[in-house]
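Given next are the chains, with one letter for each unit.
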Amino acid sequence: MTHRKILIITTNHSSYPGADAVGQARMGYDANTYIIRVPDPVMFPEDFYLNAFDKGIGGIIIMSSGSDCPYEGAYERLSKRVARVYEQMKAKGIAANRLKLTTICTVCRAAFLKEISEMQKAVASV
Amino acid sequence: MEDKIKEEASRDNYRQEPKVGVYVCHCGGNISDIIDVKAVAAALAKYPGVVVAREYAFMCSSNGQDLIADDIKNLGVNRTVVAACSPSLHELTFRGVLQRAGVNPYLHEHINIREQASWVHKADHAGATAKAIKLAQAGVEKVLRKDALNAIRVAAEQRVAVIGGGVAGMRAALSAAGKGLEAVILEKAPRLGGKLLELGKMYPSGEEGPAVAAKLEALVRAEKKITVHTGAGIEFVSGFVGNFVVNFKNPDGRMEQVKAGAIVMATGYEHYKPHNGEFGYGEAANVVTLPEFLALMKKSPAGRLALAGQEIKSLALIHCVGSRQVEGVHKPQADGKVNDYCSRVCCSSALYAANQVKEKYPGVRIYDIYRDIRTYGMQHEEYYDKASKDGVLFLRHNEADQPVVTSDRTGHLVKVKDVLTWGEELELKADLIVLVTGMMPSDISLIRSQMKLPASADRFLQEVHPKLRPVELANSGIFVAGTAQYPMDVPEAMASAGTAAAKAAILLAEPDIPLEPFVAVVDEHKCTGCGLCPAECSYDGALMMTEKNGKKLAQVNPALCKGCGACVAVCPTRAINVAGWTLDQFDAMVAAIAKE
Numbered sequence: 001m002t003h004r005k006i007l008i009i010t011t012n013h014s015s016y017p018g019a020d021a022v023g024q025a026r027m028g029y030d031a032n033t034y035i036i037r038v039p040d041p042v043m044f045p046e047d048f049y050l051n052a053f054d055k056g057i058g059g060i061i062i063m064s065s066g067s068d069c070p071y072e073g074a075y076e077r078l079s080k081r082v083a084r085v086y087e088q089m090k091a092k093g094i095a096a097n098r099l100k101l102t103t104i105c106t107v108c109r110a111a112f113l114k115e116i117s118e119m120q121k122a123v124a125s126v
Numbered sequence: 127m128e129d130k131i132k133e134e135a136s137r138d139n140y141r142q143e144p145k146v147g148v149y150v151c152h153c154g155g156n157i158s159d160i161i162d163v164k165a166v167a168a169a170l171a172k173y174p175g176v177v178v179a180r181e182y183a184f185m186c187s188s189n190g191q192d193l194i195a196d197d198i199k200n201l202g203v204n205r206t207v208v209a210a211c212s213p214s215l216h217e218l219t220f221r222g223v224l225q226r227a228g229v230n231p232y233l234h235e236h237i238n239i240r241e242q243a244s245w246v247h248k249a250d251h252a253g254a255t256a257k258a259i260k261l262a263q264a265g266v267e268k269v270l271r272k273d274a275l276n277a278i279r280v281a282a283e284q285r286v287a288v289i290g291g292g293v294a295g296m297r298a299a300l301s302a303a304g305k306g307l308e309a310v311i312l313e314k315a316p317r318l319g320g321k322l323l324e325l326g327k328m329y330p331s332g333e334e335g336p337a338v339a340a341k342l343e344a345l346v347r348a349e350k351k352i353t354v355h356t357g358a359g360i361e362f363v364s365g366f367v368g369n370f371v372v373n374f375k376n377p378d379g380r381m382e383q384v385k386a387g388a389i390v391m392a393t394g395y396e397h398y399k400p401h402n403g404e405f406g407y408g409e410a411a412n413v414v415t416l417p418e419f420l421a422l423m424k425k426s427p428a429g430r431l432a433l434a435g436q437e438i439k440s441l442a443l444i445h446c447v448g449s450r451q452v453e454g455v456h457k458p459q460a461d462g463k464v465n466d467y468c469s470r471v472c473c474s475s476a477l478y479a480a481n482q483v484k485e486k487y488p489g490v491r492i493y494d495i496y497r498d499i500r501t502y503g504m505q506h507e508e509y510y511d512k513a514s515k516d517g518v519l520f521l522r523h524n525e526a527d528q529p530v531v532t533s534d535r536t537g538h539l540v541k542v543k544d545v546l547t548w549g550e551e552l553e554l555k556a557d558l559i560v561l562v563t564g565m566m567p568s569d570i571s572l573i574r575s576q577m578k579l580p581a582s583a584d585r586f587l588q589e590v591h592p593k594l595r596p597v598e599l600a601n602s603g604i605f606v607a608g609t610a611q612y613p614m615d616v617p618e619a620m621a622s623a624g625t626a627a628a629k630a631a632i633l634l635a636e637p638d639i640p641l642e643p644f645v646a647v648v649d650e651h652k653c654t655g656c657g658l659c660p661a662e663c664s665y666d667g668a669l670m671m672t673e674k675n676g677k678k679l680a681q682v683n684p685a686l687c688k689g690c691g692a693c694v695a696v697c698p699t700r701a702i703n704v705a706g707w708t709l710d711q712f713d714a715m716v717a718a719i720a721k722e
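Chains as they are written, first to last, in our numbering: chain A, 1 to 126; chain B, 127 to 722.
Simulated from the structure, these hints should not be mistaken for laboratory data.
Small disclaimer: the values here were computed from a predicted structure and weren't measured.
Hints are not guaranteed to be accurate.
[To be verified] Taking lysine-lysine pairs in the DSS-like style, the calculated list, with each CA pair at most 25 angstroms apart, reads:
id, chain 1, residue 1, chain 2, residue 2
1, B, 424, A, 55
2, A, 100, B, 578
3, B, 484, B, 424
4, A, 55, B, 578
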């Protein structure tokens, strides 16, 4: 396990309960993972992610509700914002695979673990 | 819909020097077996802003809650962080503690160190402990930046939509009506009753299934608060707690709509259908499932058990068909998974049926072939005792050595590697093979996908918590009753339906439901009136520009705002935030997590 911390941004409606479902099933993953929950990650401006990297966060997984997002237009706005973050990361020399926008539902246990596993590989090479 | 939402009058202008109390729960050993809770409390006791940090066996217990209330009273704690189970279980519990102690309930932060720490980091105690400390510190940073908030209330339809008109659906509707609510039953079949209509004599009452269904239906039809739609094909379910809309098609093709404040899912089960050739089913004559056998018994003449005119002098019951399946041994279902769960009720059902056979046709030889027998439930073990005394012969096999049935014109030969005789391979002849089949959930994939209803690994609807919230789904306002949740017998289904109706009645006890006040708010001192934020808002009228004392300002209508935060990200001065979820809070949390 790497010591680099992974920040996982989850949604109240979808991916946070999904993370709970992983625990309820007693599936395991590494302890360098820190889950925070928000109504929707669309609220974070571009600099939130860049500041998090500056503070020492190794990787960030945005686990959105995707097209099932209960907020109208939020996912589309989030996708565009994350695309802008990638541009800014590139300009600053931050590897693109340290940020991942994905969709996790309340029962997406396997997908949740897969995303963590992939991010572990990304932060291991930081 | 938006006109039904209003903000509760402000009763709180809480402004005091923040004093944080941190409370770390052992959850019995669920947390403390993995995480060093004393170390977490010790680390947090030294954290800036924290005046007290404690650990306790069960923070959610009365004694645990009293610890917090006492600290509020004696130490002046005015913000709390509880590190425990998921906030979906107990965040409201602890908000209640603050409220009762005179502190604004939203000055609380709930940290999940069970589902997202101890339960997933079992092999890494040190890592889990370090993570719990960081999460609790992040929680302190967040709560230090929280403001007192006031609830928003949503006007709710005083009506329950009950999907499914079997025993659980009818019972749920009757219970809801008994509590003063309107109930609408939507049943896809042409008549009420569900699987009860197929059953014969049922344990433990000995009543016939159709008779019970008829009794319940008579009560339902007599209740003015209940409306019944049979032959109703549900097309689309939408909405949210207090304001669900169920669109369904009548048998004549007409579309109708039910508006409801809550939904009870009483969608029932299907019998496991053995695949072709499973113990000879579908290929050999006289191989039937237990439900088919019960129907056969109803038609059989007194004094003679017969199938298609042929007398049955011996029968073999084979348990666990379609349940407790083993990967690699059994054929998987369409989703690629075997039914590895126990269907619970089949053992008692099989033994009850065996006893009926012995009572009506004492000369029939019965072999009961099982892996394990689980006659759970009050006095159900008596069915096993009676069967033993009446001469039913029991044979037990292990999971890898399934019984083998070979059939010819003379009947069936069953080979069993019997562990009760130390693995001896026994052969027995039987005129009839009865497969004791398990339950599978009804296909409700359409509603499940539309409403994102959670299901467990065995495909039944999954409650939030089996003990604490046993009939609530994670979707607020949606409850589950009967075998839609897991295999259960009729008394259990009735009990669960009554509970679901009671929870719906509690939810809808008042004309409006209090919801969390997490909507956008504008700091007028920071707002420069740039006008970027209204363009981000998808909800008409929720966010507009206005003028106040000659200054352009963004203005939020809290009745229309959904609290998504799309506006927050574009504000160059961070003047707009979602109440309770501000960017400053998250920045501070991330800093606390990132700090070495």
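Here's how the hints hold up against the structure:
1. 424/B to 55/A: Violated. Residue 424/B to residue 55/A sits at ~74 angstroms, over the 25 angstroms cutoff.
2. 100/A to 578/B: holds, 23 angstroms
3. 484/B to 424/B: holds, 15 angstroms
4. 55/A to 578/B: Violated, at roughly 36 angstroms.
Violated hints, listed in ascending order, are 1 and 4; each of the other numbered hints is respected by the structure.
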